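Colleague: Here are the chains, one letter per residue:
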Amino acid sequence: MRGLGGFINYLRRNPALGIGLGILLFLMLFSTVGEMFIDPDDAYALSTPINEVPSAEYPFGTDSQGRDLLASMVVGTRMTMTIGMIAGVIGLGVGTVLGFMTGYFGGLIDTVIKFIVDVLMTIPSFLLLIMIASSVPDPDQMSIVQMGLILSIVSWVRPTRAIRAQVLTMRERAFVMMAKLSGMSGMEIIIKELMPNLMPYLAISLAGAVNGGVLGSLGLQTLGLGNLREPTLGMTIYWLRYYNAFLRGMWWWILEPVFIIALAFIGFLLVSIGLDEFANPRTRRTV
Amino acid sequence: MRIPIGYILRRMGFLVAVLWTAATINFLIPKLTPRDPVAEWVTQKIASAGASSVGMDEQIASLKALYGLDKPLWQQYLTYIYNTVQFNLSFSIQNYPKPVIEIIQETIWWTLGFVGTATILAFVIGTVIGALVGWSRAPKFLQFLMPPLTMFSAVPAFILSLILIYYLAFKAQLFPLRGGYSRTLLVDWHSLDFIWDVVHHAMLPALSLLLVSIGGWALSMRAMMVTVEGADYITFAEAKGLKGATIFFRYALRNTLLPQVTSLAMQLGFIVSGATLVETMFGYPGIGTRLGGAIASFDYNVIYGIIFFLVVGIALATFIVDLMYPILDPRISYSGGG
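Protein chains in written order, with the numbering used here: chain A, 131 to 417; chain B, 25 to 362.
Chain A extracted, bound-state conformation (with noise of 0.2 angstroms):
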């Protein structure tokens, strides 16, 4: 695989990962490019009139406190991609560091740190950032980046297991062995010889990460827990509940964040499956 035109070639041969990305790409792009098309503002509560039903002015409606739907959509999309982000890449850091010292290096370290993560395994990391999330002081202050530091309390327990495994299979192969030879300290080994080999490991633990801290917050803020004010998507569940657009049939308030919500997890999905059909092309594809 080289260069753009490489890569663009190899993502014909493996549609899921080209497409996952894409609907990944779509996103970013929508709350990105899309905030220049919007008013920030108005995806804050008292900007618009109430209850619109979409139409040329506010083409995705306007919920029961007065935000533009298209603007919260756009703002909302950031938001909760950004959490989902700050929770991933803190949780495949830590998992990334746990997982190499607890794999390569074994003894009474890895028996300690398997052990908490299993223990952490058992017990649903949702409801451990109930508890967190709860005890927070005022939570309806929550900052963006302080959500996403809760997420990762609980988001380097997969990656840690994942990537632990990933190397305890690669410890043994010849290639390490020669380097061990060849008077490489560990951490060169693991920088030098084992990182690159566990490139597509960690970019699966990467993607499964986000979707975990964009999973949790959702869940989250569904229960109100979470600054109410910002209009991330759980949020928006959080407010379309809370106002009933269910008997009111506010279709519109309904539908836009259930479809890019789908639409993010099934991009995660499209991407993990495409990154382990990388990682082993010899497995079968699993779509």
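One thing to keep in mind: the hints can contain errors.
[What the hints assert, rightly or not] Now the in silico label distances, taken between C-beta atoms and shown as ranges:
| hint | chain 1 | residue 1 | chain 2 | residue 2 | range |
| --- | --- | --- | --- | --- | --- |
| 1 | B | L93 | A | L279 | 27 to 33 angstroms |
| 2 | A | S273 | B | P96 | 33 to 39 angstroms |
| 3 | A | L279 | B | G337 | 28 to 34 angstroms |
| 4 | B | P96 | A | M166 | 55 to 61 angstroms |
[As the list claims (entries may be wrong)] Below, a sample of chain B positions facing chain A; criterion: calculated Cβ distance under 10 angstroms:
| hint | residue |
| --- | --- |
| 5 | I49 |
| 6 | F182 |
| 7 | F194 |
| 8 | L201 |
| 9 | R202 |
| 10 | T304 |
By construction, these hints were calculated from the structure, which means they are not laboratory data. Small disclaimer: the values here were computed from a predicted structure and weren't measured. Note that CB positions come from ideal geometry on N, CA and C, so glycine has one too.
Using the hints provided, position chain B relative to the given structure of chain A.
Modeller: For chain B alone, kept in the frame of chain A given last:
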């Protein structure tokens, strides 16, 4: 066959570790937060009653003494662990003096009912579909089921439930919009009308869980089926002239079930988390909606009690599945590792 005693002890040790961790987190988080539920509750009561705030501090202090919050931390911790071991989860702050365990007893059966049914159905349907798709002699049209099921499996159940509520309950009016039973009916578990009404109300929440979980089971089952199909014992069964159905059910399916059961245990926590949110969407009278209500009113005894209860349930279920392995698959070795 015998289950090795060392294996059981190791799993029990792990179970205790999980429960102790959960209990300790439960205890520590409220101590670390600057939020003060007792003070918040008193302030809220005074504000809603329009009463004067004279004597508020004394009131808060005496309430704290009632909950034992004035004692040193280590003493509170020991009392807490002692109480938790006896499943004494303290009282609701909002609905004092209602014990949290009573709130759990009132709601848990609703949740177990629809979540249990949906999970078992999804597991069976998904496993069979996945097995058939992976089995080269099965009808080909089943292949077309996989892409939509995979897409559904990516979307969280509570997001899907919003679409189901809008189209099936609001537009088509096939199902009730919310709740566990019609408000016009008396709660009477001997009346068939009432039971049908309850089932009718549970259908949409269960369907949301069902649709998102079938795909996962089907995907993992298909992958395993493909590896089993080439195994020698399948070829041998064919050579013996066994019927296709016999080979499929007795030889192939049976051998691929163990990893499925393993992941069922691993998924339980995820299913329960998803179900709490689905319940909130429907206002279903289960433990998830109650948890949502407790969050809204910051009744932390109820929040922590319900969460601890769910963690105990999941840990116990995992433990039971662990104990079932040796019976399900005698091939596994239980010495060391784990």
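Colleague: Which of the stated hints cannot be reconciled with the structure, identified by number in ascending sequence?
Modeller: none
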